[in-house]
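Per our numbering, residue 10 is the first one in the sequence shown, and the count goes up by one each step.
None of these hints come from the bench; they were simulated from the model. Each hint should be verified, as a subset may be incorrect.
Unchecked claim - No farther apart than 16 Å at their CA atoms in a straight line, the calculated lysine to aspartate or glutamate pairs in the EDC-like style are these:
{"id": "1", "residue 1": "K257", "residue 2": "E222"}
{"id": "2", "residue 1": "K297", "residue 2": "E424"}
{"id": "3", "residue 1": "K392", "residue 2": "E424"}
{"id": "4", "residue 1": "K257", "residue 2": "D483"}
{"id": "5", "residue 1": "K355", "residue 2": "E390"}
{"id": "6", "residue 1": "K175", "residue 2": "E216"}
{"id": "7", "residue 1": "K287", "residue 2": "E437"}
{"id": "8", "residue 1": "K323", "residue 2": "E239"}
{"id": "9", "residue 1": "K366", "residue 2": "D483"}
{"id": "10", "residue 1": "K486", "residue 2": "D328"}
{"id": "11", "residue 1": "K297", "residue 2": "D414"}
{"id": "12", "residue 1": "K392", "residue 2": "D411"}
{"id": "13", "residue 1": "K315", "residue 2": "E193"}
{"id": "14", "residue 1": "K410", "residue 2": "D498"}
{"id": "15", "residue 1": "K174", "residue 2": "D230"}
{"id": "16", "residue 1": "K287", "residue 2": "E435"}
{"id": "17", "residue 1": "K175", "residue 2": "D230"}
{"id": "18", "residue 1": "K355", "residue 2": "D269"}
{"id": "19", "residue 1": "K490", "residue 2": "D310"}
{"id": "20", "residue 1": "K158", "residue 2": "D181"}
{"id": "21", "residue 1": "K490", "residue 2": "E239"}
{"id": "22", "residue 1": "K490", "residue 2": "D367"}
{"id": "23", "residue 1": "K315", "residue 2": "D353"}
{"id": "24", "residue 1": "K299", "residue 2": "D353"}
{"id": "25", "residue 1": "K431", "residue 2": "D343"}
{"id": "26", "residue 1": "K355", "residue 2": "D405"}
{"id": "27", "residue 1": "K299", "residue 2": "D254"}
Stated by the list, open to error - Between beta-carbon pairs, the in silico distance windows are:
{"id": "28", "residue 1": "D475", "residue 2": "E495", "range": "22 to 32 Å"}
{"id": "29", "residue 1": "L499", "residue 2": "A295", "range": "46 to 56 Å"}
{"id": "30", "residue 1": "G331", "residue 2": "N389", "range": "58 to 68 Å"}
{"id": "31", "residue 1": "K158", "residue 2": "E428", "range": "23 to 33 Å"}
{"id": "32", "residue 1": "R226", "residue 2": "N164", "range": "55 to 65 Å"}
{"id": "33", "residue 1": "P285", "residue 2": "D475", "range": "40 to 50 Å"}
{"id": "34", "residue 1": "P180", "residue 2": "H418", "range": "14 to 24 Å"}
{"id": "35", "residue 1": "G450", "residue 2": "E316", "range": "15 to 25 Å"}
{"id": "36", "residue 1": "K158", "residue 2": "D353", "range": "44 to 54 Å"}
{"id": "37", "residue 1": "D161", "residue 2": "L294", "range": "55 to 65 Å"}
Here the structure is a predicted model, which is why all the values come from computation and not from measurement. From the three backbone atoms N, C-alpha and C, an ideal C-beta is built for every residue, glycine too.
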Amino acid sequence: MKVIVFQMSRVSCLVSRVENPPQVDTEITRRLSGNMIGKNTLENRQACLSYLDNTMDGSGRPGMQPDEHYYTSDYYHYNITNISSSGASKPARKEGGSGRSGGMGRGRICGEGLALVGSKNFYQSPIPESPFHPNHSIRWEFDTTELLKRPDVMNQPPKIITWVKKPRHIPDLPEPVRLRVCPEMPCRVTSNTSFQEQSSALLWAGELMTETEPPRRSHPDQVFVFHDLEPPRSSWVCSSTFRLDPWKSAFNWTMHYRFDADILSLHGLVVKRRRPVKRNYTDILARKTKFAAWAVSSVIDQSRRKEFAAMLQKYISIDIFGESSAHRCPRDQDDLCFQTFSRDYKFYLGFESSLAKDYISEKFFRYLNLDTVLVARGSNEYKFHAPQNIFINTADFATVKDLADYLLHLDKHPEEYLEILKAKDEYEVLFEDYPLRYGDGQVFFMHYQYEATAFCEMCRRLWNLDSYRQTIPDIRKWVDKELCYEATDLH
């Protein structure tokens, strides 16, 4: 099995916990998997030191070694290593392999604030022939230094990427800003369409498109990108203007959750921790007094998840959180809800509102980090994102009753339940927090996404455009190839 190992460095300020810390403008190299990588220019070192001293008592994050570094601006390096995979199975479940990556990894990127990120191993399916598109971002088969080592690129003005129609979780960007994960790369992103003429790439969120025809390209190399992270439901597929004839062959690239997209963009990534977490699992289990929780925040139910939950509720206890239920979980109070689920409940039901090939929303990635066992129901392609022994997939059971019987089995056999929690603690999930705010700054909704790395891939493509020139013949056919499908597990 191939696992991609990358070094994420935070460049705008670095702190080295070594006896003789490096000074500003010193070049740092680090060895990872036998390869020398990670050369960075250091800035604002004192600000970083002050932050660490004030927030971490100068000791750093748990488990870090004296020679490890802290960063405050994201930058990735990558290399590939081969490791072995192992299978795992669970009682009363259909046959199916699972894989586990080895190596190092820890960290989380937040939309606001400082984060520490070290080397990471991405989990990938142990299937010998990977189904992944050869170019998309999840594989990380490129090094950002591919561009950074090219004087012909670095001496040029940065390429501008403009959101013409942005998703609502993307903040307003009146001026072009550096890319969040790879700020050293020569690209900037903005949502100010006054930069449209000079932009190298224009992006449209397909679900929200209202333009009846595409704009005139300001230059022959300007790339039009179709972006969407929501499954193609009839509620918007038929009404969005990308279906109009003028848009048919207007787009050059797709930026999407589907594996056949040109640029892969996901809601999260499961990574291997650098070292195991040491916790008292007996105490964790002792605090749990309730069986299963389910938070329903959307009226959309194309997947018929409410029917599935009602069938499951005949056999087990489920506390439902939502606008019309006795238990409330407002989206502006996510942290409080997560604490409740993590502390009190043995299981959390992560049921997708829509079923579409490759579609896995934040429900899977966000709840996988909690101290509860996630029961996932969706497109049944979780194996490409996470080891199968760290969550429960409803598709592994022939009937709803079989699923309920297994959950009741785990409830009566705490040692087996804790094995899932322990296995899960070998991993953690990377995602970004996008708080949506009212005019007074109050958060009314939290969105979780892992989209920043996709822009690094886009930047790389823009600076190597001759290798990626194309026109999508019919964007409608591309979208319709994987429309939402009906549930077949309601029995």
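Here is what the structure says about each hint:
1. K257 x E222: holds (10 Å)
2. K297 x E424: Satisfied, since the Cα-Cα distance of roughly 14 Å is no more than 16 Å.
3. K392 x E424: violated (24 Å)
4. K257 x D483: Answer holds: K257 to D483 is near 5 Å, not above 16 Å.
5. K355 x E390: violated (24 Å)
6. K175 x E216: holds (10 Å)
7. K287 x E437: Cα-Cα ~14 Å, so holds.
8. K323 x E239: Measuring from Cα to Cα gives roughly 31 Å; hence the hint is violated.
9. K366 x D483: Violated, at roughly 19 Å.
10. K486 x D328: violated (41 Å)
11. K297 x D414: Judged against 16 Å, a Cα distance of about 19 Å means the pair is violated.
12. K392 x D411: The hint is violated at about 21 Å.
13. K315 x E193: violated (46 Å)
14. K410 x D498: holds (11 Å)
15. K174 x D230: Violated - the C-alpha atoms of D230 and K174 are around 20 Å apart, more than 16 Å.
16. K287 x E435: Roughly 10 Å separates the two Cα atoms, so the pair holds.
17. K175 x D230: violated (21 Å)
18. K355 x D269: With a Cα-Cα distance of about 36 Å, the restraint between K355 and D269 is violated, given a limit of 16 Å.
19. K490 x D310: Violated: K490 and D310 sit about 21 Å apart, past 16 Å.
20. K158 x D181: violated (32 Å)
21. K490 x E239: holds (15 Å)
22. K490 x D367: Holds, at roughly 12 Å.
23. K315 x D353: violated (23 Å)
24. K299 x D353: holds (6 Å)
25. K431 x D343: violated (24 Å)
26. K355 x D405: violated (19 Å)
27. K299 x D254: Outside the cut-off at roughly 54 Å; violated.
28. D475 x E495: 22 to 32 Å: violated (43 Å)
29. L499 x A295: 46 to 56 Å: Given range 46 to 56 Å: violated, Cβ gap about 36 Å.
30. G331 x N389: 58 to 68 Å: At 25 Å between Cβs, range violated.
31. K158 x E428: 23 to 33 Å: violated (46 Å)
32. R226 x N164: 55 to 65 Å: violated (26 Å)
33. P285 x D475: 40 to 50 Å: Given range 40 to 50 Å: holds, Cβ gap about 46 Å.
34. P180 x H418: 14 to 24 Å: violated (46 Å)
35. G450 x E316: 15 to 25 Å: violated (40 Å)
36. K158 x D353: 44 to 54 Å: holds (52 Å)
37. D161 x L294: 55 to 65 Å: Between D161 and L294, where Cβ atoms are some 59 Å apart, the hint holds.
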